[in-house]
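Enquirer: The chain contents come next:
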Amino acid sequence: MTLASDPPKEGFRLSMLIYDTRFRSITIQVVVLLLFLAGLFWLLNNAYVNLEAKGKDFNFSFLWSRAGYDIAQTLIPYTNDDTHMRALVVGLLNTLLVSVLGCVLATLVGTVVGVLRLSHNWLVARLMTVYVETFRNIPLLLWILLMGTILAETRPSPRDFRFTDAMREAGQTPEASMWFFDTIAVTNRGTSVAAPVFSNSLGTVVLPGNIPLSLNALVLMVVLAASFFGWRLLMRRAKALQEATGVRPTTWWQTPLVLFGPAAVVSVLLGLHLDYPTITRFDFEGGFQMLHSFTALLIALTVYTSAFIAEIVRAGIMAISKGQTEAAYALGLRPSRTMNLVILPQALRVIVPPLISQFLNLTKNSSLAIAVSYMDLRGTLGGITLNQTGRELECMLLMMLIYLTISLVISSVMNIYNKSIKLKER
Amino acid sequence: MSNTSFVRNEMLPPAPPPVSQTGLVKWLRENLFAGPLNSALTVLGLGAAIWLIQAAAPWLLHSVWVADSQNECRAIVQERWGPDATGACWAIIRARWHQFLFGFYPMEEYWRLFVTFAGLLLAILPVLATSLPRKLLWGSVLYPLVAFWLLWGGSVWGPILTLAGFGLWAAVFLALQVRLGVVVAAGVGLIVAAVFWIYGVDPIETGLQSVLPFALPEVDSDQFGGFLLALVIGATAIVISLPLGILLALGRQSDMLIVKSLSVGFIEFIRGVPLITLLFTASLLLQYFLPSDTKFDLILRVVILVTFFSAAYIAEVIRGGLAALPRGQYEAADALGLDYWQAQRLIIMPQALKISIPGIVSTFIGLFKDTTLVAFVGLMDPLKGISTAVRADINWKGIYWEPYIFVAVIFFIFNFSMSRYSMYLERKLKRDHR
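Respectively, the protein sequence lines represent chains A and B. As numbered in full-length UniProt numbering, residues 1 to 426 make up the first sequence, in order. As numbered in full-length UniProt numbering, residues 1 to 434 make up the second sequence, in order.
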């Protein structure tokens with residue numbers, strides 16, 4: 001019996017690099033890499049030559065020179081004598097502020113709209129469809145511009161809020177009034193909101209980088225965090241007891257007590273009260289002052305993103321088959337526990353990944369602040385700093401890097417979450 | 001003996017159902033007042049709807065269509081409906097509709113825009129309606145060059161020679177594909193075509209133009225604006241970003257390490273930064289990275305960056321579609337002896353693209369909406385650029401609602417019909433029996 005002879009062994013020939021599929025992929029990769037490096041070299045060389053021709057260099061030392069411009073709304077103290085670096089941080093914090101608030105509000109509104117769109121109520125379902133389709137199909141820029149216009153053009157001026165004794169005697173009422181028990185005043189200049197303040201101050205510490213931190217707020221946060229852990233402990237105890245004896249202890253009244261009781265006591269001790277905005281000669285004083293640019297951007301981002309989130313929530317709920325609910329009922333679970341233990345965990349697996357990509361979109365879309373001149377990262381670093389120093393290359397690269405970092409952080413959090421809730425299959 | 005028992009001989013006629021179970025009452029009970037919560041929602045919804053209508057209806061009913069300025073509008077409204085009445089002043093749209101639609105495109109050349117738009121409809125018809133003969137698709141393939149020539153004008157030979165370059169690419173590709181494989185053949189073809197485009201087109205064009213002068217008046221890019229600009233940027237980016245996105249998605253799934261990491265790097269970078277920074281890159285930074293004597297049209301730069309932007313998103317959508325395909329499909333293609341590109345073309349892509357349709361269309365919708373951002377690099381988009389330009393006229397100063405509503409309605413029509421078409425396509429291509 002003869003064995004089939006081995007295929008003739010060929011020596012390596014250069015032509016095999018192209019004709020042999022085993023080597024072709026390596027050839028392609030090497031060529032791609034070379035082309036990429038050549039392209040990169042070409043771009044960098046051009047940049048070098050162009051910078052040379054314009055007499056510019058490439059360094060970031062301008063970040064530590066005096067900024068010299070004012071920023072209307074800041075989270076940390078800032079004057080125009082501070083550096084460009086601090087202006088950058090102020091802008092970044094403003095971006096994060098509007099993004100975080102926008103994400104929270106858009107999630108709340110979007111969930112409500114998404115659930116109501118599935119409602120059996122004919123009218124409400126139709127209205128919510130109109131809401132979603134209107135906000136989703138029209139550019140965000142229009143909503144931002146429109147909100148800015150509405151706030152600035154249709155609101156009364158602070159003067160109209162004034163209520164003098166003479167008017168009271170004459171039986172007149174002011175032309176405009178504040179909302180929600182005199183806590184919010186929206187004028188054509190800005191929005192004033194009643195702010196919580198403490199009458200007994202524990203003092204303020206200044207963190208490195210000249211960031212003041214009120215000790216009262218710190219104490220309150222620590223107490224809240226401790227309460228949260230206490231509540232977790234309570235729940236764990238209840239669960240252990242239930243597993244041991246089969247009877248779940250009553251916790252409904254302990255929960256709010258543990259969660260909010262200590263914080264309420266501390267607040268009362270520190271003298272927490274609301275500082276109401278009051279009308280003075282020219283404008284409102286007291287409370288938080290919010291610029292219209294911020295409010296318009298926040299509202300527009302919220303309504304626009306909430307339309308997308310509503311669709312995500314609706315799709316997530318619809319993805320869970322009715323059999324799941326029926327099976328839970330058959331097991332004797334009450335509707336609330338069915339929702340918490342059966343429906344939500346499954347729906348969240350569908351909802352959360354696209355939801356987080358909407359958060360990412362909202363954060364990136366907050367750069368449209370340029371339309372209403374809100375001083376976010378693009379307004380400080382990519383706007384005034386860039387124009388003043390003329391360092392387009394450095395500013396733009398730095399700005400892209402920062403946005404990229406934010407995005408990568410959010411998406412890596414999403415990946416971790418996805419892994420933790422992934423269906424454990426065999 | 002009298003018989004007192006009574007036996008009914010005929011059936012009773014059927015009684016009508018109770019009032020609460022028929023007609024309008026039943027519908028109302030089931031759909032609007034099914035319970036306390038439901039009733040409360042209905043009342044709230046009705047209240048919101050009435051409030052909206054009450055706020056908007058008088059303003060819309062008091063519309064003025066013919067006037068020369070905002071003050072004239074106001075005067076007409078007050079004369080007709082009393083001193084406190086407010087009304088919409090659509091006269092601004094009547095006076096400036098052409099700027100909202102076409103920007104500052106020269107008026108005597110408007111016929112070119114109408115021809116281009118009609119051509120666009122004809123060109124997308126065979127793409128959308130699959131029942132038409134497939135050969136019509138060649139017309140759609142040729143359309144972009146025709147549209148380019150009609151919009152920007154200039155010599156007819158430029159587009160024709162550009163087309164010849166593509167022909168050259170295809171010829172080289174077909175000649176080499178069997179021996180060298182798809183990628184190498186396409187690469188060699190691209191090099192040949194690029195050499196032709198860079199060194200061949202200009203001299204030949206000049207020569208042909210002197211022999212057969214046939215040209216349209218040139219229109220400068222600065223004169224583009226309004227929805228014309230949005231459509232030019234949107235349509236170009238949509239058409240180019242789909243194939244580019246497919247290639248990027250395949251690159252990301254590829255076994256080749258270098259190709260994969262380059263694709264991942266590109267996709268993640270583009271998706272990580274806001275579009276607005278990319279647009280600023282187009283307007284501010286490209287001058288640094290290109291040779292200093294390059295003259296590069298701003299619209300073209302913006303189109304390239306917007307295309308990259310949407311290609312990265314499309315790539316991720318298609319990657320989702322690829323990931324959703326069962327492994328067996330790849331193995332079946334291998335078992336049939338198909339090579340990589342045949343398998344992609346005949347087995348993988350048709351299924352993956354079908355799954356990705358909703359995502360692709362919503363990316364396109366997002367892209368079309370994002371074309372408004374070009375206002376920030378100084379282009380005349382319909383929303384901010386043109387509205388601001390119109391308001392700069394003393395007659396129309398401070399008029400906000402009407403332009404916004406006009407632009408919003410047009411955007412809504414475009415985007416809503418795109419999303420409805422994608423839902424129709426999804427239903428049509430659905431193959432499972434659920």
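Mixed in with the good hints there might be a few duds.
[As the list claims (entries may be wrong)] Below are the EDC-like pairs computed for lysine to aspartate or glutamate, each with C-alpha atoms no more than 16 Å apart in a straight line:
1) B/Lys295 to B/Asp222
2) A/Lys56 to A/Glu392
3) B/Lys397 to B/Glu108
4) B/Lys354 to B/Asp293
5) A/Lys54 to B/Asp293
6) B/Lys397 to A/Glu392
Hint data in this document are derived by calculation from the structure and do not stem from the laboratory. Computed from a prediction, not measured in an experiment: that's the story for all the values here.
Enquirer: Decide, hint by hint, whether the structure agrees.
Expert: Here's how the hints hold up against the structure:
1. Between B/Lys295 and B/Asp222 the alpha-carbon distance is near 14 Å, which keeps this suggested pair within the 16 Å criterion.
2. Restraint check: the Cα-Cα separation between A/Lys56 and A/Glu392 comes to about 11 Å, which is no more than 16 Å; the hinted pair holds.
3. Among the hinted pairs, B/Lys397 with B/Glu108 is inconsistent with the structure: their alpha-carbon atoms are about 27 Å apart, more than 16 Å.
4. At most 16 Å may separate the alpha-carbon atoms for a hinted pair to count; B/Lys354 and B/Asp293 exceed this at roughly 45 Å.
5. This hinted pair checks out: A/Lys54 and B/Asp293 have alpha carbons roughly 13 Å apart, not beyond 16 Å.
6. With a C-alpha separation of about 34 Å, the suggested pair B/Lys397 and A/Glu392 falls outside the 16 Å cut-off, and the hint is violated.
Against the hints set out earlier in the document, violations occur for numbers 3, 4, 6.
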